[in-house]
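Enquirer: Use these hints to put chain B onto chain A, whose structure you have.
Protein chains: 2
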Amino acid sequence: MKVVIAGAGFGGLKLARLLNNKPGFEVVLLDRFNYHQFQPLFYQVATAGLDASNISFPLRKVFQKSRNVRIRLAELKEVRAAENKVITNEEEIIYDVLVLATGADTNFFGNSALATHAFPMKSTVEALQIRHRLLQLFERAHLEKDEAALQRMMNIVVVGGGPTGVEVSGALAEMKQYVLPKDYPELDFTRMNIFLLEGADKTLAAMREKSSQRSGEYLEKLGVKLMTRTLVKNYDGQDVELNNGEKIPAATVIWAAGIKGNIPNGIDKSLVAKGNRIKTDRYCRVQGSENIYAIGDLAYMETPAYPTGHPQVAPAAMQQAGMLASNLRLMEKKSNPDKYLQFEYRDKGSMATVGRNLAVVDLPKPKWSFGGFFAWMIWMGLHLMLILGVKNRFFVFMNWLYNYITYDQNLRLIFREFYKETDDQKMLKS
Amino acid sequence: MKVVIAGAGFGGLKLARLLNNKPGFEVVLLDRFNYHQFQPLFYQVATAGLDASNISFPLRKVFQKSRNVRIRLAELKEVRAAENKVITNEEEIIYDVLVLATGADTNFFGNSALATHAFPMKSTVEALQIRHRLLQLFERAHLEKDEAALQRMMNIVVVGGGPTGVEVSGALAEMKQYVLPKDYPELDFTRMNIFLLEGADKTLAAMREKSSQRSGEYLEKLGVKLMTRTLVKNYDGQDVELNNGEKIPAATVIWAAGIKGNIPNGIDKSLVAKGNRIKTDRYCRVQGSENIYAIGDLAYMETPAYPTGHPQVAPAAMQQAGMLASNLRLMEKKSNPDKYLQFEYRDKGSMATVGRNLAVVDLPKPKWSFGGFFAWMIWMGLHLMLILGVKNRFFVFMNWLYNYITYDQNLRLIFREFYKETDDQKMLKS
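Chains as they are written, first to last, in our numbering: chain A, 1 to 430; chain B, 431 to 860.
Isolated chain A (complex conformation):
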């Protein structure tokens, strides 16, 4: 059975690993990057606490010893279901089973001005763009003679009070406190403001009341200017226009206010559910299809426990990958379809970190919410465990230890123009 998996995120990678060296399977794993990205730590790359390579793991390395998994560095351009074929920017690939695990990207809700001017943070490279941007801005700010223009450079607006928004604002607040004044003695960082805007009346609205409340307290303790019940109407690169008509001048806006599924071309419009996700049945099968599946952030599945879809988080993607691997193996053995597993999301708890010694954790069973130093240790331990590769794990740990002891983020490096544009390379890119 030839299984093509599009996307090597938490779901796609797990599925490929579960089918690795299993008899009867030939697997092609497609991704537009040649590495698996550890999304939960993008914000630490953006704020110079971790190296991009620490949270990126080469896919070919994962499957070096595999007899049946092949990696393709390519972008999925189109699904041709009638021909059982996908088209990438490099080639056409025939499949018996196609698994769409292309995840979700930033949702600017159709606002092209926002998309042009705000910084998303849904890939390692985008995280690095934020890092470069901030450093570049501070390098230049001391030359600015106009007071209003200088203040605009010193204002950073983070939009979206989910885990990403909370984590990045907390990390920026710590940079402001511990690192930037030492690095840029020319600048007065008491003037630097980090605004966190959230449409709901609290941060981390998906977590329990106590954790939401704690995260708000932690953020204010760190000096983040938290503005709840606040929506962004527009951003022209100069001023963030709010729904109440107010404006915040800000040269940098980080957008973490919404995601939308990456649906490839060739998927019927009638299958699209809210959040630009693909409707699936309880087996993750795309509705109306025989051999196309969708898992993870891209999949929309209504279940008894989650009638409006499971949360778009890594554990859901990984659980779906686990179920799908079992079902595909049954299918390969031509077992009775009655034996196929149906998916239901099991919540193992959630957590977010705000800063040094500050994190919040919700556990489902026993139903317990806690915060502070202990939560922060749990958060770190769990994330270390989840990172792929002993070496990456070790390097992340050493970086964290270093940052913790020195109150420093050591990776304030601007690497630009990573790609030499010779003619034949343009060919390679296209």
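Okay, the calculated bits of chain B under chain A, using three or more residues with CB under 8 angstroms as the criterion: (1) 461 to 467; (2) 475 to 488; (3) 560 to 571; (4) 817 to 829.
No farther apart than 27 angstroms at their CA atoms in a straight line, the calculated lysine-lysine pairs in the DSSO-like style are these: (5) 176(A) / 495(B); (6) 348(A) / 274(A); (7) 606(B) / 575(B); (8) 432(B) / 145(A); (9) 677(B) / 655(B); (10) 145(A) / 507(B); (11) 764(B) / 709(B); (12) 65(A) / 575(B); (13) 145(A) / 515(B); (14) 85(A) / 575(B); (15) 495(B) / 182(A); (16) 432(B) / 507(B); (17) 778(B) / 690(B); (18) 821(B) / 182(A); (19) 552(B) / 507(B); (20) 655(B) / 640(B); (21) 2(A) / 612(B); (22) 612(B) / 22(A); (23) 452(B) / 182(A); (24) 145(A) / 495(B); (25) 699(B) / 552(B); (26) 632(B) / 704(B); (27) 612(B) / 65(A); (28) 677(B) / 651(B); (29) 606(B) / 65(A); (30) 122(A) / 233(A); (31) 432(B) / 182(A); (32) 575(B) / 2(A); (33) 122(A) / 225(A); (34) 367(A) / 202(A); (35) 77(A) / 575(B); (36) 764(B) / 432(B); (37) 632(B) / 690(B); (38) 221(A) / 202(A); (39) 176(A) / 821(B); (40) 690(B) / 704(B).
These are computed hints drawn from the structure, not numbers from a lab.
For clarity, every value in this text was computed on a predicted model and none was experimentally measured.
Beta carbons are placed, not taken as given, at the ideal position from N, Cα and C, and that holds for glycine.
Expert: Leaving out everything else, chain B in the frame of chain A:
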């Protein structure tokens, strides 16, 4: 005394550190990057053995506690000697003393086809470009149906048999042997060729006969196709044309065959010596100038021991920085100019590494040349000592240990498009 230092390489950085917190000095250190680059290890970044950040150290971090050294991330555009002023892309800066330490860049000897198609390796970013290029090529090679075109992709030509050329060819040969066949099972790496072309009759011609000879043996042992007495006439991105009329089809050419000094605008043409260097007197003072100095790879100084100039290596730059710092301090104290030191290069020996357990070392006193495992250990120890920052030193060491034990280079990551081009960023870049 206001000292402007242009360039934060080995010379410029050392000078700034020697003047750090010295009374009477106000120092501005300019560089086009916000970090010091450890040039001797570029080749390991190119071949995925080290992270770019491991060999880059943020300049602002070095001078965080400085009271008198200011960092400017800017490119030197012009020297206006008559006004005691430099023009950068960001601002104008007045100086009492100007020190040009802008080093050297790749010399393509005016061949624009070469400059377009060949990969230089004189910065961290250029080293990363080579890494990205090679990985990208192998990702794509399995799709190539044309035999000749495939062979062209599998041929890498390194031009220049100095330390850089030798080190990068050796590292490529080890990638070919240990890493690539495991990563790309689709490809037949027995077909991969690494050509090293050198105009002279041996590699490492600046070292002693024995070391030259050893390096050649090591390279051949690793399977590098060494071609001495060979010059490149042209390269069109497809075929390397040699002086004897032969052609080597190669998609990738790494050019390490020459350097030329980075002379800023505003320096009199009559002061330019061979290798595009600036003629200085024995005090590193630019000839005919009162208060402009040049040190390191950019400086050309005739001395009794080196009547045709000192070698363009890090120790020479650092020794000149040391001498100049002493003289500037004497000057600041208005000491008698008779006390000023005159420069003479002291050779502390030289070394190069070819691969695992393979390096060559020349010591001047006692006059001794040796190679093999012991030389390799010395090479590693010395380079570790010279790397700036305890954390970088530790991470380089851990990476080396990892690579040595596992026969693996773990950093096979392609990070592209590092820079988000919003309008205001274009402004920041210009």
